[in-house]
Structure formats: structure tokens, C-alpha cells
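**Q** Here is how the chains run, residue by residue.
Protein chains: 2
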Amino acid sequence: MTELADLLGEMAGLAGLAMERATQALLQADLALAETVIGEHDKITDLSTQCEEKAFSLLALQAPVAGDLRSVVSGIQIVADIDRMGALALHVAKATRRRHPNHVLPEEVNGYFAEMGRIAVSLGAATKEILETRDPERAARLHQEDEAMDDLHRHLFTVLMDREWKHGVAAAVDVTLLGRFYERFADHAVEVGRRVIFLVTGKLPTDEDFRAMRERVDKLTVYPQDQ
Amino acid sequence: MTELADLLGEMAGLAGLAMERATQALLQADLALAETVIGEHDKITDLSTQCEEKAFSLLALQAPVAGDLRSVVSGIQIVADIDRMGALALHVAKATRRRHPNHVLPEEVNGYFAEMGRIAVSLGAATKEILETRDPERAARLHQEDEAMDDLHRHLFTVLMDREWKHGVAAAVDVTLLGRFYERFADHAVEVGRRVIFLVTGKLPTDEDFRAMRERVDKLTVYPQDQ
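Residue numbers (numbering that gives the first Met the number 0), protein chains in the order written: chain A, 0 to 226; chain B, 0 to 226.
Please keep in mind that the hints were generated in silico from the structure rather than gathered at the bench.
Careful: at least some of the hints might be erroneous.
Identical chains blur together in the list; that is why a pair holds if it fits in one copy or across any two.
Stated by the list, open to error - EDC-like, lysine to aspartate or glutamate: derived pairs with alpha carbons at most 16 angstroms apart:
#1 K202 / E9
#2 K93 / D45
#3 K202 / D45
#4 K202 / E52
#5 K93 / D41
#6 K202 / E136
#7 K42 / E9
#8 K93 / D150
Construct the entire structure; sequences and hints are all you get.
**A** The following block contains the structure:
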């Protein structure tokens, strides 16, 4: 059981690392770094298979019940989300390779992607942490970071749709897809958080629950500026 | 166990129907039909929850082994894919609503989306059929339809990237995202097919396996024109 949790945590760590490097490669048109992400993607896929096999053998050999059963079932669902996070980082790396030696992004939107990348990396690290600690309050905070990602994504679209956009359609298509990859990466992290909350509380939180939980967390948190 | 399979089949049927209607709404800027898809999406989400609960209670109460265990584990994975197919149909319907009374698509690309919609609907129906029959040869043929989808998607991008594209960046962004939704819908159908093949054969097929299997199927098939 611990082994499955460790494998999932390791996988989340690798997906986060892949997105960190893919973002850096994207922003700096760094082909070597993009190739590293692409070359190391198999590690995530292998871990994914290992997780599935581990979950299956736990069910087959131990027929777990109650909380343990919930852990294994959630594990099976979580592995699919982390696998997808890795695949989205791979897509970013491949876009960088496709346009090399050119930059994929017009300079105008670099700031958006630097920030979306920062949030994605933070979400990857949080996902790993949550899988290890099973802290439902931390899991609920993922939703907050996801909202920050959604905001950036929306702003990015207003930049794209602006009549002043002067980088052409091809760049707009790239920016649209890349923006989507970051947004989906965040969605999957939130989904992992929901699953962990389910694990601990036995209930899958809705968006409403997230909002309520966040308000509670916000009230509990002493912000640095309040001290 | 049969109940879980039935629920999954029903869910696949609804996801296929949603994509069929969403495509029609998209092509005809039919707001009422788009609203139907949006309004009925909850049915798919509800079935998704029912499937997860059913799978969990099967594991908890029956501690299935061997083939039955594999069925339940695959069911847990498959429900996530079908859920996503429904969500992608929902995205198409929402794009139609967002631009109404305008058409989302420039007329130039209508043909692509009509054809991608046709393939998506066929994939939805095939997914339902495969869940019911567990026919691995039929599941392998999903891959072929997915390749047809990928080809269309690639062509669509060459149209977008063409210097002659005269519909502006906003339309290009819509077309990019919509194209991606159809492509992902197909990917999820293929993933369900892979899971069913795993169920029957105990082995997850790779892309290589798919190709080999298809060649075998092609050899076995007597085409109408050969008769």
C-alpha cells in the first residue's frame, strides 16, 4: 500500500519536473532541454504501468477493505491523471522542438507562460506533497491555484482575440494549444486533490465544497502581512 | 458485474449522442440543440458516479478475482475516459452557445468538422458496442478510425496555417480548440478499446500491436468490392 503511494508521489514529482523543464525550454527555445523532457517521458509511462500493476496485485492478493480499498481505487484513478500531466508536459516540449530554432511564443505572451509554468510547477509539487501527506486542506488549496491558472488562461485569450494581435494565425494556433496544455495540467492536479479528499473524507468534493473549504482555510490562515 | 458493463455502455451511448447533437448544433448554429446537450450533460456525470460506486461496491462486497477483478479495474479506468468524451461534447456545445447567433466555424472548414463529427459519432457507437460485446478485433479497429481523425486534424491545421486564411485570429483560435476536442474524443475512445483488449487478452496493446492487429483484420476482412 505504501509502495503504491510512493510510486504515485514519485510519478507526480517527475510530471512536475517535466513541466518545469518544458516551460524553461519553451521560454528559451532550448532544444536540448526539450529533448531531455521528451527522452525522459518513458520514465513516467513506466511508473504509470507499475502503479497499475501494483494496484491490481494489491486487490488480487490482499482483497483490501474500507479505507485501504478506497486508497487502491483512488490510486487507479490518480495514476491516469498524473500520466496525463506528464503527457501535457511532453506536448509543450514537442512544440518547442517543432519550432526550433525559432521561439514558439511571440515575446508579448512570454510573461503569461512564465507565470502559467510557475503555477504548473507549484501544482506538480503540491500534488506530490498531497499524495504523501494526504492533507485535505492542502488538497483544497490546489483549487485556488487552478483558479489563478484559469484567470491567466482567460487573459491570454483576450490578448489573442485583440485586434492588435500582430503575430499571425500560426503563432495564435500555437499559443492557443499551449495555453490549453497548461490549463489541463492544472485541472488534472485539482482532480488528484479531489481524489485525495475523497480518500480522507469519503466524499468527492464539488466546486461548491472547494469554495467553502477555501473560505475556511482562508480564515484559518495567518497571512505574513497580518503578522 | 453485468450491471457495471450496462452502465458503461449506456454512458458511452450518451457521450456519442451528445457529440452527434453538439456537432449538428455547431454546423447549423442551432442554439436549442446546443442547450439540450448542455442540459443533459448531468446524465453522463450521474452515470459516471454510479459506475464508480458500482465498481467500488463490487470490490468491497465480492472481492472478485482473476477475470472479474480485471473487469472491475478496467471499468474504473474506462469510466474516466467516457466521462471525458461527454465533457468534450459539452465543450463543443458551449462554443456554439458562446458565438450564437453567429456560426463558430468559417464555412471553409465546415466539411472538416462534419467529417470529424461523423467519425466521433461512429467511435461513440463503437465504444458502446465494444463494451457490450468485448470483441477485441472490433476494439482494434477503433485505432483505424482514430487515424482517420488524426489525418483530418492535420489537414485542418494546414488550412489554418495557410497564408490564405482570411477569417482572422479569433476564428482560428475557435477552430484550433474545436479540432482538439474532436481529436481528444477519438483518443479516449481508442483508450477504451485498449482497456477492453486488456480485459480479454490480459495485455495492454501498444500502437505497434494495433498496427499488427489491424493488418490481420484487414487480411481477414472481405471487402464489398472484392466479392
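**Q** Flag every earlier hint the structure violates by its number, smallest first.
**A** Of the numbered hints, 1, 2, 8 do not hold.
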